[in-house]
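Top line first, the protein sequences correspond to chains Y and U.
Take any residue in the first sequence, note its place counting from 1, add 676, and you have its number in our numbering.
Take any residue in the second sequence, note its place counting from 1, add 342, and you have its number in our numbering.
Errors might be hidden in some of the hints.
Pairs of lysine-lysine, BS3-like flavour, derived with a Cα cap of 30 Å [said to hold, decoys possible]:
#1 Y/LYS862 - Y/LYS872
#2 U/LYS377 - Y/LYS859
#3 U/LYS426 - Y/LYS864
#4 Y/LYS851 - Y/LYS689
#5 Y/LYS840 - U/LYS458
#6 U/LYS458 - Y/LYS862
#7 Y/LYS864 - U/LYS433
Computed beta-carbon distance windows for the label pairs [to be verified]:
#8 Y/LYS859 - U/LYS461: 31 to 41 Å
#9 U/SER438 - Y/TYR828: 43 to 53 Å
#10 Y/ASN960 - U/LYS461: 15 to 25 Å
Taking beta-carbon pairs under 7 Å as the criterion, some of the chain Y residues facing chain U (in silico) [as the list claims (entries may be wrong)]:
#11 GLU866
#12 GLU881
#13 HIS882
#14 PHE885
#15 TYR886
Think of the hints as simulated: they come from the structure by calculation, not from any bench.
No residue lacks a Cβ here, since even glycine has one placed at the ideal position from N, Cα and C.
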Amino acid sequence: MNKDLTKYAATKKKSEQSVLIGGIAAIIGAISFFTVPNQIGLILGAVLFIIGIIFAVMGSVKFNKLSTNFKVDVVTELVTSFVDEGKFDPHQGLPQGVVYATEFLKRADRFHSEDFLSGSMDGVQFISSDVKLEERHVERTENGTREYYETYFLGRIFRFEFNKSFEGYLQVLEKGRPVVKRKFNKVKLESVVFNKKFKTFATSEHSAFYVLTPHFMEALMNFEKNNKGNISFSFIDNHLFIGINNFKDTFELKMFRKLDESVFEEFKRDLFVIKEVVSELRLNNNIFKKE
Amino acid sequence: MSTELLIVVLVVLLVVFPLFWYIGTMNSLRQLEVKVEEAESGIDVALTKRFDVLTKLIGAVKGYAKHEAETFENVTKWRAGLPKELTLEQKQEFMSKMDGIQSGINVAVEAYPELKAEKSFLNLQQNIADVEEHLQAARRLYNSNVSTINSKIVTFPTSIVAGMINVSKKEFFEAETSKREDVEVSF
Numbered sequence: 677m678n679k680d681l682t683k684y685a686a687t688k689k690k691s692e693q694s695v696l697i698g699g700i701a702a703i704i705g706a707i708s709f710f711t712v713p714n715q716i717g718l719i720l721g722a723v724l725f726i727i728g729i730i731f732a733v734m735g736s737v738k739f740n741k742l743s744t745n746f747k748v749d750v751v752t753e754l755v756t757s758f759v760d761e762g763k764f765d766p767h768q769g770l771p772q773g774v775v776y777a778t779e780f781l782k783r784a785d786r787f788h789s790e791d792f793l794s795g796s797m798d799g800v801q802f803i804s805s806d807v808k809l810e811e812r813h814v815e816r817t818e819n820g821t822r823e824y825y826e827t828y829f830l831g832r833i834f835r836f837e838f839n840k841s842f843e844g845y846l847q848v849l850e851k852g853r854p855v856v857k858r859k860f861n862k863v864k865l866e867s868v869v870f871n872k873k874f875k876t877f878a879t880s881e882h883s884a885f886y887v888l889t890p891h892f893m894e895a896l897m898n899f900e901k902n903n904k905g906n907i908s909f910s911f912i913d914n915h916l917f918i919g920i921n922n923f924k925d926t927f928e929l930k931m932f933r934k935l936d937e938s939v940f941e942e943f944k945r946d947l948f949v950i951k952e953v954v955s956e957l958r959l960n961n962n963i964f965k966k967e
Numbered sequence: 343m344s345t346e347l348l349i350v351v352l353v354v355l356l357v358v359f360p361l362f363w364y365i366g367t368m369n370s371l372r373q374l375e376v377k378v379e380e381a382e383s384g385i386d387v388a389l390t391k392r393f394d395v396l397t398k399l400i401g402a403v404k405g406y407a408k409h410e411a412e413t414f415e416n417v418t419k420w421r422a423g424l425p426k427e428l429t430l431e432q433k434q435e436f437m438s439k440m441d442g443i444q445s446g447i448n449v450a451v452e453a454y455p456e457l458k459a460e461k462s463f464l465n466l467q468q469n470i471a472d473v474e475e476h477l478q479a480a481r482r483l484y485n486s487n488v489s490t491i492n493s494k495i496v497t498f499p500t501s502i503v504a505g506m507i508n509v510s511k512k513e514f515f516e517a518e519t520s521k522r523e524d525v526e527v528s529f
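Whenever a hint applies, use it, and build me the whole structure from the sequences.
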């Protein structure tokens with residue numbers, strides 16, 4: 677990977693230089709267009725501005741292409757190394773149906789998902805992707821109205837196979853409440869710390885206590901501690917949905933940020949979440965599975 | 343302020359408001375009592391399920407774990423299932439006996455690898471783990487409700503209403519120390 681990393685770093689530097697030079701040229705062009713009084717100054721300024729913009733756009737396109745190639749290579753290699761039947765597709769995402777099936781995310785006016793991951797770990801099937809949900813707002817201005825979109829969810833959604841069968845629906849949320857109309861009741865569990873950190877909603881109190889054993893509650897709290905952002909869990913029909921709203925676009929290269937092993941480690945950490953869920957929440961424990 | 347209005351305000355403050363508070367508190371205590379009863383019946387259901395699965399398990403291991411089978415038959419005078427009129431203490435005792443028998447079986451079957459490999463036995467073991475988890479959930483839910491009502495009963499001024507309507511502190515369903523932790527069943 678080190679050899680590839682050097683190659684990627686070199687291409688990344690070139691595209692960044694292209695964006696930087698293009699940007700500077702465009703700024704100088706714009707300044708001379710507006711400040712130099714004669715015609716030559718105007719023409720030169722306009723030409724410099726256009727060339728600068730073209731240069732910057734080319735650099736940006738090159739960077740995006742490199743970013744996609746990089747994540748395909750790196751994430752695919754990482755995924756196949758610790759996940760069975762691992763698949764990664766940066767252009768595909770979770771379907772809307774799966775995202776809204778979590779029942780803790782309201783319908784968006786603009787939906788986008790990418791970086792689809794799937795596979796199984798210790799026999800536990802999972803799918804996941806980056807999701808961006810935006811809400812449309814209309815604001816009154818002096819000249820009429822202005823429309824803008826506000827992002828209310830940007831992060832990752834996971835769906836794991838869940839090893840316990842139980843009646844009803846259960847949600848454990850750090851913030852907010854379920855967005856569907858079911859007969860949810862707020863459940864207080866024995867752990868004061870857990871009740872402080874999460875709100876538990878369940879259609880059956882018994883099911884909440886059945887799923888949320890003391891060990892499971894501890895594991896959920898540790899998960900929350902290890903992952904920044906607003907965390908939501910939903911248990912529906914033998915599936916565990918997890919939403920991490922951290923306003924972070926996972927597996928993306930950042931422009932002008934040094935490309936070294938730390939980026940590689942960050943990607944690894946983002947993927948490690950899967951392992952953490954399967955082992956810490958003991959989803960690989962089959963003793964509750966009905967045949 | 344006129345005298346009439348003053349009287350009305352005084353009546354509201356001294357009679358109507360305390361009356362509404364009394365009714366509200368009484369209802370909330372009664373609702374909590376119902377919740378405790380519901381949770382206790384949840385324990386009954388889980389205990390019955392466990393009894394049924396353990397009966398099947400005993401049937402499967404009868405030839406191997408004779409001692410446990412005999413013990414089980416001796417302690418289970420309730421062959422038709424769990425009687426409804428059992429006290430909480432009797433239920434706890436029943437649960438402890440089942441715990442003992444189950445651990446006896448687990449130890450006994452260690453000596454019989456052919457039994458451990460049998461699919462039907464494995465299924466029963468899985469069922470046992472699941473009903474055990476349900477029993478723990480029912481117990482925790484019951485204790486959580488008991489904790490809520492007990493803390494209300496001892497808190498002033500709710501304690502006054504509790505005394506007036508004869509709502510008393512409820513008993514916790516205690517588990518053995520070894521059962522307080524998560525169920526760990528290893529085969």
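Hints versus structure:
no.	hint	in the structure
1	Y/LYS862 - Y/LYS872	holds (13 Å)
2	U/LYS377 - Y/LYS859	holds (17 Å)
3	U/LYS426 - Y/LYS864	holds (28 Å)
4	Y/LYS851 - Y/LYS689	violated (41 Å)
5	Y/LYS840 - U/LYS458	holds (23 Å)
6	U/LYS458 - Y/LYS862	violated (42 Å)
7	Y/LYS864 - U/LYS433	holds (25 Å)
8	Y/LYS859 - U/LYS461: 31 to 41 Å	holds (39 Å)
9	U/SER438 - Y/TYR828: 43 to 53 Å	holds (52 Å)
10	Y/ASN960 - U/LYS461: 15 to 25 Å	holds (21 Å)
11	GLU866	holds (6 Å)
12	GLU881	holds (6 Å)
13	HIS882	holds (6 Å)
14	PHE885	holds (4 Å)
15	TYR886	holds (4 Å)
Consistency with the previously given hints fails for numbers 4, 6, ordered from lowest to highest.
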